[in-house]
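A.B. asks: Listed below, chain by chain, are the residues.
There are 2 protein chains.
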Amino acid sequence: MDNNMLFREAEETDVDEVVKMLANDPLGKTRENYIHPLPDQYLKAFEAIRSDPNNELIVAVWENQIIGVLQITFTPYITHQGGWRATIEGVRTSEYVRGKGVGTNMITWAIERAKTRNCHLVQLTTDKTRKDALRFYEKLGFQATHEGLKLKL
Amino acid sequence: MDNNMLFREAEETDVDEVVKMLANDPLGKTRENYIHPLPDQYLKAFEAIRSDPNNELIVAVWENQIIGVLQITFTPYITHQGGWRATIEGVRTSEYVRGKGVGTNMITWAIERAKTRNCHLVQLTTDKTRKDALRFYEKLGFQATHEGLKLKL
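Top line first, the protein sequences correspond to chains A and B.
Just so you know, the first sequence maps onto residues 250 to 402 in the numbering used here.
Just so you know, the second sequence maps onto residues 250 to 402 in the numbering used here.
Keep in mind that a hint or two might mislead.
In this list, chains with the same sequence are indistinguishable; a pair is considered to hold if it fits within one copy or across any two.
Calculated pairs, SDA-like style, for lysine to any residue (alpha carbon to alpha carbon, straight line, at most 20 Å) [said to hold, decoys possible]:
| # | residue 1 | residue 2 |
| --- | --- | --- |
| 1 | K293 | H369 |
| 2 | K399 | W311 |
| 3 | K377 | T394 |
| 4 | K388 | L400 |
| 5 | K377 | K399 |
| 6 | K364 | Q290 |
| 7 | K293 | R280 |
| 8 | K380 | R362 |
| 9 | K388 | Q314 |
| 10 | K269 | L370 |
| 11 | K401 | T357 |
| 12 | K278 | T394 |
| 13 | K401 | E338 |
| 14 | K401 | L389 |
| 15 | K349 | I315 |
| 16 | K293 | E387 |
| 17 | K377 | F323 |
| 18 | K388 | G277 |
| 19 | K401 | T353 |
| 20 | K399 | E338 |
| 21 | K401 | R366 |
| 22 | K399 | G339 |
Quick caveat, the hints were computed from the structure, so don't treat them as lab data.
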């Protein structure tokens, strides 16, 4: 499977499949709205991401099917001697391919992408209720050195 | 003090003072490089932030002195029904004004700024060794629902 997986930036025609994947998730199902026609705000967000050189919505494709998605944001920070960071968010894999290493391939790909963008750090947060996710990222070398705080507006 | 505090985007002439503040911190002193002339990468990062409409380096000014700094990044996400988020990073206050509510004013200001940018969420991570910071953010309404993971490249 590894050899035939392809990563590319999402196109507008992929957004439906991406939202379907986001909604098919214990947390996602409570906050996404996968209906047809797809709510306009998804396409607006897609357009904002696509037009921003520091944001990339990446899909993993296998046999012409989208089997995974993640978003990478590249941010110039004044801290760490003006270092750029890559933030990974919204990582999901299709339920049909779970346990086949797709997530590992996706994060490994994202780390390499961060290197090509000269980032000194890759960061992400994961909901504390996702115990498997924490172990997954730690196995890939991430360290849970920080608390991730959120404030809903 | 509250009434006379002013918030504005940093200018190039502020960068020296900002880096001085970042370096005068238990964690910052191990990773910043506050020397003269200031390493070029700080100015490059400043320029990248200033030219990006989704990044703002904000300074708090009181009696013509910079007494605080933080960076806000606005990110369009496909998750949460295509919602924008504000990420706060690199929050520091001058040692001369600690305990005077400057940090609270800064975060409160940043939350309002996030609202004007139509964000549905404000997020940040804080190093687990900064116990006071966690309590500070929780008092302001943030919830530590996530693990914050980092991978150095």
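A.B. asks: If a hint holds in the structure, say so; if it doesn't, say that too.
C.D. replies: Taking the hints in turn, this is what the structure says about them:
Taking identical chains as interchangeable, the C-alpha atoms of K293 and H369 lie at most 20 Å apart only when they sit on different chains, with a minimum of 15 Å there against 30 Å within one chain. When the C-alpha separation of K399 and W311 is checked against a cutoff of 20 Å, the pair qualifies neither within a copy, at 34 Å, nor between copies, at 28 Å. In this assembly of identical chains, K377 and T394 lie within 20 Å of each other by CA distance both inside one copy and across copies; the values are 13 Å within and 6 Å between. For the homomeric pair K388 and L400, the shortest alpha-carbon distance between copies (11 Å) is at most 20 Å, but the shortest distance inside one copy (29 Å) is not.
Taking the shortest alpha-carbon separations for K377 and K399, both the intra-copy value of 12 Å and the inter-copy value of 15 Å come in at or below 20 Å. In this assembly of identical chains, the alpha carbons of K364 and Q290 lie at most 20 Å apart only when taken from different copies (17 Å versus 31 Å within one copy). In the homo-oligomer, the alpha carbons of K293 and R280 lie at most 20 Å apart inside one protomer (17 Å), although the nearest pairing across protomers, at 38 Å, exceeds that limit. When the C-alpha separation of K380 and R362 is checked against a cutoff of 20 Å, the pair qualifies neither within a copy, at 26 Å, nor between copies, at 33 Å.
Taking the shortest alpha-carbon separations for K388 and Q314, neither the intra-copy value of 27 Å nor the inter-copy value of 46 Å comes in at or below 20 Å. Within a single copy, K269 and L370 get their C-alpha atoms no closer than 30 Å, and across copies no closer than 22 Å, so neither meets the 20 Å cut-off. Proximity of K401 to T357 under the C-alpha cut-off of 20 Å is restricted to the inter-copy arrangement: shortest distance 13 Å between copies versus 31 Å within a copy. For the identical chains of this complex, K278 and T394 are inter-copy neighbours only, at 18 Å across copies versus 29 Å inside a copy, given an alpha-carbon limit of 20 Å.
In this assembly of identical chains, K401 and E338 lie within 20 Å of each other by CA distance both inside one copy and across copies; the values are 17 Å within and 17 Å between. In this homomeric assembly, K401 and L389 come within 20 Å of each other (Cα to Cα) only across copies, at 12 Å, whereas the closest approach inside a single copy is 30 Å. Within a single copy, K349 and I315 get their C-alpha atoms as close as 15 Å, which meets the 20 Å cut-off; across copies the closest is 52 Å, which misses it. Neither within a single protomer nor between protomers do K293 and E387 lie at most 20 Å apart by alpha-carbon distance, with minima of 34 Å and 32 Å respectively.
For the identical chains of this complex, K377 and F323 are neighbours neither inside a copy (24 Å) nor across copies (24 Å), given an alpha-carbon limit of 20 Å. Proximity of K388 and G277 under a CA criterion of 20 Å is satisfied in neither setting, with 24 Å inside one chain copy and 28 Å between copies. In this homomeric assembly, K401 and T353 come within 20 Å of each other (Cα to Cα) only across copies, at 17 Å, whereas the closest approach inside a single copy is 30 Å. Taking the closest pair of Cα atoms, K399 and E338 come within 20 Å of each other both inside a single copy (14 Å) and across two copies (13 Å).
Only between protomers do K401 and R366 lie at most 20 Å apart by alpha-carbon distance; the minimum there is 14 Å, versus 31 Å within a single protomer. Proximity of K399 and G339 under a CA criterion of 20 Å is satisfied in both settings, with 15 Å inside one chain copy and 16 Å between copies.
Against the hints set out earlier in the document, violations occur for numbers 2, 8, 9, 10, 16, 17 and 18.
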